[in-house]
Amino acid sequence: IEVYDLSLRAVASDMVMPELKEVSKPIRHLILFDHAATAKHFGAIEVFDANGQLIVDASTLDPRPENRGDEEYFTVHRDHPDVGLFISRPMLHRGAYSIVLSRRITGPDGSFQGVVAGSLRFTYFHELFGRLQLGEDDTISVLRADRTIIMRRPFDLDVIGKKLSDLPRGKQPTMAAGSTTFSGVGPVDGTPRLYVRGSTTSPLTVIVGKPLNDIFALWRTEAIRIGAIMVALIAFTLAVTLFLGREIRRRAD
Numbered sequence: 005i006e007v008y009d010l011s012l013r014a015v016a017s018d019m020v021m022p023e024l025k026e027v028s029k030p031i032r033h034l035i036l037f038d039h040a041a042t043a044k045h046f047g048a049i050e051v052f053d054a055n056g057q058l059i060v061d062a063s064t065l066d067p068r069p070e071n072r073g074d075e076e077y078f079t080v081h082r083d084h085p086d087v088g089l090f091i092s093r094p095m096l097h098r099g100a101y102s103i104v105l106s107r108r109i110t111g112p113d114g115s116f117q118g119v120v121a122g123s124l125r126f127t128y129f130h131e132l133f134g135r136l137q138l139g140e141d142d143t144i145s146v147l148r149a150d151r152t153i154i155m156r157r158p159f160d161l162d163v164i165g166k167k168l169s170d171l172p173r174g175k176q177p178t179m180a181a182g183s184t185t186f187s188g189v190g191p192v193d194g195t196p197r198l199y200v201r202g203s204t205t206s207p208l209t210v211i212v213g214k215p216l217n218d219i220f221a222l223w224r225t226e227a228i229r230i231g232a233i234m235v236a237l238i239a240f241t242l243a244v245t246l247f248l249g250r251e252i253r254r255r256a257d
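Quick note: to get the numbering used here, add 4 to the position in the sequence shown (first position is 1).
Bear in mind the hints are in silico, worked out from the structure with no lab data behind them.
For glycine and all other residues, C-beta sits at the position ideal for the given N, C-alpha and C.
Among the hints, a few may not be true.
The calculated lysine-lysine pairs, modelled on DSSO-like cross-linking and capped at a C-alpha distance of 27 angstroms, are [stated by the list, open to error]:
id : residue 1 : residue 2
1  : Lys44     : Lys29
2  : Lys214    : Lys166
3  : Lys167    : Lys214
Each pair of labels, with its calculated beta carbon distance range [to be verified]:
id : residue 1 : residue 2 : range
4  : Leu10     : Leu65     : 46 to 56 angstroms
5  : Gly188    : Leu10     : 43 to 53 angstroms
6  : Leu65     : Gly188    : 25 to 35 angstroms
7  : Asp170    : Ala236    : 22 to 32 angstroms
8  : Asp170    : Asn217    : 36 to 46 angstroms
9  : Thr241    : Gly139    : 33 to 43 angstroms
10 : Arg253    : Ile228    : 30 to 40 angstroms
11 : Ser187    : Arg250    : 52 to 62 angstroms
12 : Lys167    : Glu226    : 33 to 43 angstroms
13 : Ser206    : Asp170    : 40 to 50 angstroms
14 : Val87     : Glu226    : 42 to 52 angstroms
15 : Ala227    : Lys44     : 28 to 38 angstroms
Throw the hints in and build the complete structure from the sequences for me.
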């Protein structure tokens with residue numbers, strides 16, 4: 005996301021250059037878009053004018069007429085100049101479920117000139133989570149700053165896009181400020197878990213949950229293993245002590 009945001013920043017900055025209007029469309033594309041704009045799982049970067057009309061599309065030199073003036077990622081930048089990088093709620097974008105990353109285009113005089121936006125498809129999260137060694141009831145949740153669920157494993161489309169507070173069990177006390185751990189009932193399935201939050205400055209937060217029963221089962225297994233080793237050591241020590249004691253008495257006689 006940070007690398008893709010650099011591409012959005014560059015496009016937002018270059019779009020206000022007066023010289024850009026004088027070059028051909030192929031040259032304009034070479035100036036605006038780098039290889040990050042075509043990376044796997046990322047949608048083509050798009051530029052919308054102050055009215056929400058699509059004017060530049062990284063995937064084509066002649067974008068089709070399209071207006072996104074009513075989208076959340078457009079109105080947020082239009083109405084709030086200092087938002088910075090905005091991550092949308094999960095949505096169907098160009099035929100694929102995605103989140104849209106966007107930045108405001110600001111003119112030299114501070115005026116609103118439009119929005120540059122790109123998308124990150126859900127396939128990225130599916131592929132990323134698929135490489136992890138997870139238990140059957142382990143969970144991973146990716147949240148926005150307002151606690152909107154961007155992605156969750158196990159995947160449930162009915163949960164994606166909702167805020168935790170909107171879920172049946174999502175209004176329970178949350179982890180304290182500055183804390184990275186929290187023990188509580190799962191907001192989706194009601195399973196008691198230990199949750200660990202990733203410490204990061206990213207606009208997204210990752211929270212991993214593991215059932216308490218699984219944690220205690222691991223602890224009990226480890227306790228039994230250590231206990232068995234201790235019993236074996238004690239038995240060995242007693243046996244050696246008895247043997248030495250008998251030998252000492254025999255030689256004394």
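Honestly, do Ser206 and Asp170 meet the 40 to 50 angstroms range at C-beta? Hint violated: Cβ distance 23 angstroms, outside 40 to 50 angstroms.
Could one say that the CB atoms of Leu65 and Gly188 fall in the range 25 to 35 angstroms? 53 angstroms, violated
Could you check the hint for me, namely that Lys167 and Glu226 are 33 to 43 angstroms apart, CB to CB? About 38 angstroms separates the Cβ atoms of Lys167 and Glu226, which means 33 to 43 angstroms holds.
Does Lys44 pair with Lys29 here, judged by a C-alpha cut-off of 27 angstroms? 24 angstroms, holds
Could you tell me whether the CB distance from Asp170 to Ala236 stays inside 22 to 32 angstroms? At 54 angstroms between Cβs, range violated.
Tell me if the beta carbons of Leu10 and Leu65 are separated by a distance inside 46 to 56 angstroms. This hint is violated: roughly 23 angstroms between Cβ atoms.
Compare the distance between the alpha carbons of Lys214 and Lys166 with 27 angstroms, and conclude whether the hinted pair is satisfied. 21 angstroms, holds
Taking 52 to 62 angstroms as the stated bounds, is the beta-carbon spacing between Ser187 and Arg250 within them? 54 angstroms, holds
Hinted pair, alpha-carbon criterion (27 angstroms max): Lys167, Lys214. Please report holds or violated. Satisfied, since the Cα-Cα distance of roughly 21 angstroms is no more than 27 angstroms.
With 36 to 46 angstroms as the target window, see if Asp170 and Asn217 comply at their CB atoms. Between Asp170 and Asn217, where Cβ atoms are some 27 angstroms apart, the hint is violated.
43 to 53 angstroms as the expected CB spacing between Leu10 and Gly188, which holds or is violated: The hint (43 to 53 angstroms, Cβ to Cβ) is violated, given that Gly188 and Leu10 are roughly 37 angstroms apart.
Is it true that Ala227 and Lys44 lie within 28 to 38 angstroms of each other by Cβ? 45 angstroms Cβ-Cβ, so the 28 to 38 angstroms window is violated.
Hints 4, 5, 6, 7, 8, 13 and 15, counting from the list given before, are not met by this structure.
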